[in-house]
Amino acid sequence: MRRRRLVIPALAATTILALAACAPGSDPDEPAGSETGGGSEPAEVNTDIAGLGDITLTVWDQEVRSSQDPALQALNEAFMEKYPNVTIERVSQSNDDLQSQIALALSGNDVPDVIQVNNARADMGAYVTAGQLVNLEPYAEAYGWADRYSESVLSYSRYSEDGKTFGEGNLYGLPQTGEVVGIFYNKAKLEELGLEVPQTWDDYFAALDAAKAAGEQPMVLGNIDQWPAFHVFGPLQANYVPVDEIAALGLGNEGASWTSDGNVQALEQFGTWGTEGYFGSSPNGTDYDLAWADFAKGTGVFLPAGNWLAGDLESLMGEDVGFMAPPPGTDGTLATTGATGIPFGIPAASENVDAAAAYIDFITTDEAMAMIAENGGMPVNNTADNAPEAGLQKDVFEAFDAVSTEGTLLPYLDWATPSFADTAGQGFQELLGGQKSAADVAQAFEDDYQAFIGG
Amino acid sequence: MVRNRTTPYLYLLPAFLVYGLFLLYPVARTAQFSLFDWPGFGPSTFVGFENYADLLEDGRFITAIGNALYLILFYSVLPLLVGLVLAATLRRGQVRGMGIYRVLIFLPQVIALVVVAVAWRQIYTPNGTLNQLLGLVGIETDTGWLGVPELALSAVGIIGFWLETGLVMLLLLAGMNRIPNDLYEATRLDGAGPISEFFAVTLPSVRGEIVTSMVLTIIAALKTFDLVYMTTSGGPGTATTVPSYEVYNRAFQLKEVGSASAVAIVLTVLVFVINIFVTRIGEERKVTR
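Just so you know, the sequences run in chain order F and L. Counting in the UniProt record's numbering, the first sequence runs from 1 upward without gaps. Counting in the UniProt record's numbering, the second sequence runs from 1 upward without gaps.
Rather than coming from a laboratory, the hints here were simulated on the basis of the structure. All the given hints hold, so there is nothing to weed out.
Cut-off 20 Å, straight-line C-alpha distance, at most; resulting in silico cross-link-like pairs (DMTMM-like, lysine to aspartate or glutamate):
id: 1; chain 1: F; residue 1: K189; chain 2: F; residue 2: E216
id: 2; chain 1: F; residue 1: K394; chain 2: F; residue 2: E374
id: 3; chain 1: F; residue 1: K297; chain 2: F; residue 2: E319
id: 4; chain 1: F; residue 1: K189; chain 2: F; residue 2: D203
id: 5; chain 1: F; residue 1: K394; chain 2: F; residue 2: D312
id: 6; chain 1: F; residue 1: K82; chain 2: F; residue 2: E367
id: 7; chain 1: F; residue 1: K212; chain 2: F; residue 2: E191
id: 8; chain 1: F; residue 1: K297; chain 2: L; residue 2: D142
id: 9; chain 1: F; residue 1: K212; chain 2: L; residue 2: D142
id: 10; chain 1: F; residue 1: K189; chain 2: F; residue 2: D209
id: 11; chain 1: F; residue 1: K164; chain 2: F; residue 2: E254
id: 12; chain 1: F; residue 1: K436; chain 2: L; residue 2: D58
id: 13; chain 1: F; residue 1: K164; chain 2: L; residue 2: D37
id: 14; chain 1: F; residue 1: K436; chain 2: L; residue 2: E150
id: 15; chain 1: F; residue 1: K189; chain 2: F; residue 2: D320
To list a few chain F residues with every Cβ distance to chain L over 10 Å, as calculated:
id: 16; residue: E191
id: 17; residue: S260
id: 18; residue: Q443
Glycine residues also receive a C-beta, built at the ideal position from the N, C-alpha and C atoms.
Produce the complete structure using the sequences and hints provided.
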């Protein structure tokens, strides 16, 4: 027994020490601005970057794909050339990795100066509530961002000061690229089947049935990672549910319901596609990247997916692939999931807020937009002007332009509530696998949404 | 002669400091976090044991625990059975190129888990290697093995089985090589065949190794994360979610650090309880022999 005598007090001492330490999140050396909520506001806006002295600007981005990386690299170099006193230290990684590190990074003292923060409530919304992002309004005014961007695009980076309302309020980030979820189609296969590019949802359903009857796999979906289903369901939903209702659901604002008839019908249709083999034998067991690679090799007629696959698909399929915005929705206008690329924001604890804002301004100018287009990305502004002359990218640019100017870009559904990516990811898989009915899944979505609105 | 009672502890102090700093302190902090409602940054609210109480009604968490227990079958029980047979065979037969076999069977342990997961993910896809092999023997199927809720967990388990068998075999083989040959000779003189020899000599002699390998593999089963994260993200639905994945998901995706810590603490306790149970059984038998 003698041996234990010292160990126990020692253990107890450690434990007491730890428990007596301050409660989580209240460390005295926390970055400034985190107590206030609503983000810190710069004391004075300074747009004279050359006069700031030597600065190292740390930028965390997720522009790693082949259509994204060269443009940002070129822009970074151009910025450093314009301001020789600024050195950009770029850290880029996949979005999954980036988003899971941001929470930790922002609560430290040594923060990056520019970060790409996902628009979602779970990400940008949470950091706004915690006061960890700079309110960009003063800079928007100084640089005239409102003239550059359409308000509908900016609204997806807006939160109220307490982070409760999404879609209006202060600006916390600026996106560089546009994103649109549509439908890729295999032109050769359509021709073989004697089908036209569908103009209405009824056409589309008919085309799927015709493909299936001819022994083709109608659509391609690799949903092992759960999120790809969002990009199939989002456009489909617009065929059953009015856009303002989808927007409310997607932004997690009050005034809509997942259990409405339209939503249940949309979920039902989606589930039927899954259980009746419209996505092949096992969408839930298929890898996302393998799925579109298979599409490029000739599996399936349609591939509902985002424009970010266009570059790779075009290089693999050449003339054989086309892209369309989903047919007009229930209220007769174009509407599809899309919105913007991941916006660039500034951490409240950054020591170079002025330079960071100038950087964000620099990478979103008209010249920058042209540069992004040149490198194969889809700029969020002046999209139609920058469209290539032919090919798949032309389809994509036109689809984005049509939806963003004449129609509605719908928010990604997982922006809605902090847990919605989880709830819906799970629900869509269960629908596809036929384990749950559309009504049950709608109820699960509604519970998540209501719990968030109520709380 | 130790002059002072505290002197031995002074020698332990440096190690204890490191241990305390990097192990005990984080554990204590996790325990503390589990009593708060905290998103990982900003202010926190003290909620007592509410996070734990919530877990009792949390379907996802209960599924995760159930899945982890099921994985013990693949990570621990099956590798033990197969490992025993393999080790006994390798010990008996003086096979040529023995070293190569050992390396091959142990290889999965050496490969980075992420690589293992990516490779198996390809094997399990609808037109992956597994289905191609099945096609060769006349079973035409395009099942996405990780996409079928009833099969996905077993599919993940089989990867675990493939991983752990080598480790278990190596441990057992080391134990068996220690058994003096006289013992085997004696049993053979008594007229024992290979089977009864195995049960009379080999099995009792490697009891210690069995317990060790059980403890190691059970811990591996209960704290599986990489495989699930890389192959299925807990899906389809919640079919393959495990406690460690829930910890990650809650802390980094849902930003519920309190709940994540509570899951982590429950998992730690579970690992301890099961392993105390396993070691007790091992020890008891030793005493009663």
